[in-house]
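Throughout, our numbering is defined as the position within the sequence shown, counted from one, plus 372.
FYI, nobody ran anything at the bench for these hints, they're computed from the structure. Among these hints, one or two may not hold up.
[To be verified] The calculated PhoX-like cross-link candidates involving lysine-lysine, where the alpha carbons are at most 25 Å apart (straight line), are: (1) 615 with 625; (2) 374 with 478; (3) 478 with 455; (4) 374 with 439; (5) 439 with 389; (6) 627 with 615; (7) 389 with 575; (8) 575 with 478.
[As the list claims (entries may be wrong)] Ranges between beta-carbon positions, derived for each pair: (9) 376 with 425: 53 to 63 Å; (10) 471 with 575: 10 to 20 Å; (11) 450 with 509: 38 to 48 Å.
Every residue, glycine too, gets a C-beta built ideally from N, C-alpha and C.
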Amino acid sequence: MKHPRNPFTHAIAAGEKQVGFWISMGSNIGAEICAHAGFDWVVIDMEHAPNNYLSVLGQLQAFEGAKTTALVRPEWNDPVVVKRILDMGAQGLLFPMVQSVAEAEKAVAATRYPPRGNRGVAGSTRATRFGRVTDYFERVEEETTVLIQLETVSAIEQAEDIAAVDGVNGIFFGPADIGADMGHLGNPMHPEIWDLIRPTAAKLRDMGMPVGTLVTDRNMAAELLNEGFTFVACGLDTALLSKAADELVADVKSKST
Numbered sequence: 373m374k375h376p377r378n379p380f381t382h383a384i385a386a387g388e389k390q391v392g393f394w395i396s397m398g399s400n401i402g403a404e405i406c407a408h409a410g411f412d413w414v415v416i417d418m419e420h421a422p423n424n425y426l427s428v429l430g431q432l433q434a435f436e437g438a439k440t441t442a443l444v445r446p447e448w449n450d451p452v453v454v455k456r457i458l459d460m461g462a463q464g465l466l467f468p469m470v471q472s473v474a475e476a477e478k479a480v481a482a483t484r485y486p487p488r489g490n491r492g493v494a495g496s497t498r499a500t501r502f503g504r505v506t507d508y509f510e511r512v513e514e515e516t517t518v519l520i521q522l523e524t525v526s527a528i529e530q531a532e533d534i535a536a537v538d539g540v541n542g543i544f545f546g547p548a549d550i551g552a553d554m555g556h557l558g559n560p561m562h563p564e565i566w567d568l569i570r571p572t573a574a575k576l577r578d579m580g581m582p583v584g585t586l587v588t589d590r591n592m593a594a595e596l597l598n599e600g601f602t603f604v605a606c607g608l609d610t611a612l613l614s615k616a617a618d619e620l621v622a623d624v625k626s627k628s629t
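Kindly generate the complete structure, drawing on both the sequences and the hints.
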């Protein structure tokens, strides 16, 4: 058995627009509902969602066979956590709150086997189809997506150096945390935030580095893709469900008075 191709890794390298979604419910059923919606990529979130290793495993299984690439955001840039997520078969990782070149290098190293990194070696894992993938060690590095998340003004000031780290496949801007760092807590669409992000993204694109983000405004998501962002997530499962539930009950109550 050969190592499966990760379409997302190759798509962003080729500059192909990729529409994404956030998986935050901690539910394999919720993940399965979203798996065949047609998103190019999703992030199964461990940082701000009630996930543990077993719940992440169930959600990865829900995306098995779908055309959507399932990435995982670990709760921190921790090589032990990364090792376990990769052994579970995640196709890539989004590393939160990377603040320096050294931290980006640490993230990449956690996804690489020695001598290029420090990932521990295990043979019979879900990632290798329990030993059946015969070229796993040769192919995993080129197929695994490594995304680095910039979430502070300081990190953005170092964006070009961080993007130059060997093994980084894409840079992801976190507008909510960037906004908080700028004094705009709770207002990730504030113009000052995007006045900082947009020119930095342009510089990275000029370097040939794919850039992405998460916004819940679908028009803004399309706008960013059209201006050169390569991968943009346009919503969260929790937000979508809560909004639909609120609108449904409000509509029925308004018509039953």
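Right, here's what the structure says about each hint:
With a C-alpha separation of about 16 Å, the suggested pair residue 615 and residue 625 falls inside the 25 Å cut-off, and the hint holds. Proposed proximity of residue 374 and residue 478 is contradicted: the alpha carbons are some 28 Å apart, above 25 Å. Restraint check for residue 478 and residue 455: the C-alpha separation of about 13 Å stays at or below 25 Å, so the hint holds. Between the alpha carbons of residue 374 and residue 439 the distance comes to roughly 18 Å, so the proposed pair stays at or under 25 Å and holds.
Proximity of residue 439 to residue 389 is assessed by CA-CA distance (about 15 Å); at most 25 Å being required, the pair is judged to hold. With a CA separation close to 18 Å, the supplied pair residue 627 and residue 615 stays within the 25 Å bound. Restraint check: the Cα-Cα separation between residue 389 and residue 575 comes to about 18 Å, which is no more than 25 Å; the hinted pair holds. Proposed proximity of residue 575 and residue 478 is supported: the alpha carbons are some 23 Å apart, at most 25 Å.
The given range of 53 to 63 Å is broken by residue 376 and residue 425, whose C-beta atoms sit roughly 21 Å from each other. Hint check: residue 471 to residue 575, Cβ distance near 18 Å, so the stated range 10 to 20 Å holds. A hinted range of 38 to 48 Å is violated for the C-beta pair residue 450 and residue 509, which are about 22 Å apart.
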